[in-house]
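Order-wise, the sequence lines are chains A and B. Just add 1 to the spot in the first sequence (first one is 1) and you have my numbering. Just add 1 to the spot in the second sequence (first one is 1) and you have my numbering.
None of these hints come from the bench; they were simulated from the model. Hints may be right or wrong, so weigh each one.
BS3-like mimics (lysine-lysine), calculated; alpha carbons at most 25 Å apart, straight line [what the hints assert, rightly or not]:
| hint | chain 1 | residue 1 | chain 2 | residue 2 |
| --- | --- | --- | --- | --- |
| 1 | B | 12 | A | 83 |
| 2 | B | 195 | A | 5 |
| 3 | A | 5 | B | 134 |
| 4 | A | 5 | B | 12 |
| 5 | B | 66 | A | 5 |
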Amino acid sequence: MQDKGITPSQTVGPFFKYGLTPNGQYEWNDAFTGNLVTADASGERIRVEGRVFDGDGQPVPDCMLEVWQADSQGRFADPQDKRALPNAAFRGFGRVGTDANGAYAFDTIKPGSVPDPDGKAQAPHLLLAVFARGMLRHLYTRIYFDGEAANSSDPVLALVPADRRATLIAERAPGNGNAVYKLDLRLQGEGETVFFDV
Amino acid sequence: MTFIYPIDSNKAHPLPLSPDYRSSLLRAPSRPLIPMRHTLSELTGPVYGHETVRAGDNDLTTQHKGEPLGERIIVHGHVLDEDGRGVPNTLLEIWQANACGRYIHVRDQHPAPLDPNFTGAGRAQSDASGYYKFVSIKPGAYPWGNHHNAWRPAHIHFSVFGHSFVSRLVTQMYFPGDPLFEFDPIFNSVPDAKARMRMVSSFDLENTQPEWALCYRFNIVLRGKNATPMENK
């Protein structure tokens, strides 16, 4: 007889790479990568990249990041999103491990706007789950995009003290070609990334 | 069916800062998490079908030319939601040390042998009733540097998706009766004793295969309840 309640989380530990993010370094195939772009995906191609730091400002080389996002029309590739288009190849999910410098990168499509529970538009954003050795449960944060007019009226950003909002907004790097957005994650201390209790 | 994810269910999880687990000291946020309502972004999640799982991915004993050394085991069970309903067609990923307690990961250099016939990674998809099954080798306990004479209880890492991005779970499955439980800061980071025991598999004699493999049952309960429960339930 099982008691009530969910199974608790435990850390992903230091040795997840060969199982979850092998990236050609182990005899195991990747179920997921950091490239979410599919041939049929409409919208603006972007790269989102940055580094992950711990409370001493040291890079975190054994971090895993997972991204979940809507397509460029703001629809999720999940039948629970009743507005979803059938047969669209864009899955909206990616996973990467950080490298020795704590760096990560996702290649994706800029998501469209998704409504909040009151039907109010949210600014385009990615959901990010952050896993690492030393983290007993993953943490949830969001990545917004610099220069979006909708950021100023986003109902979730509005919950965040103004002086911490910048930790959630990726800056557009200068240059030609596909847009590159940069955002570092700080797990603890000065400039600590805002994490959400969801 | 529409699912809701009550925030209280998260009380089963460890707190981010658990000082006895030293690696948490610099990797736990110092500011409180910011509460928010779930939007469609949180209430949906990746859906992965059979294309992610190849035939045989759930058998960790047949990935190489020879058979791995160690005690062959079957690990099976159901992925369930908070109402006890099976979570169908959801992806499970596992990784583990070999029978000697050594991971194939390049950073694991503790003096125990690697097994050329064992990688230690597997995948499965739950069926329509939420049932899954793996065949593997019982992992060994292994030492780690957290404190003097620190040893991790034998465990298999599990990664599971469920109905939404907020039902996402990474956990560890332990084996019943392990004498290392009381000394392990990761196991004991879960504050509630009953919740801790949900991470411990049970020995399953009924499904143990004679002359072949011991069986352990491990049910995984993910966040998610029916938004409109039946009356009289």
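Right, here's what the structure says about each hint:
1. B:12 with A:83: Not OK: residue 12 of chain B and residue 83 of chain A at ~31 Å, beyond 25 Å, violated.
2. B:195 with A:5: Status holds; Cα separation ~9 Å.
3. A:5 with B:134: 23 Å, holds
4. A:5 with B:12: Satisfied, since the Cα-Cα distance of roughly 12 Å is no more than 25 Å.
5. B:66 with A:5: Given pair residue 66 of chain B, residue 5 of chain A is violated - Cα atoms ~43 Å apart, limit 25 Å.
Violated hints for the displayed structure, listed by number in ascending order: 1, 5.
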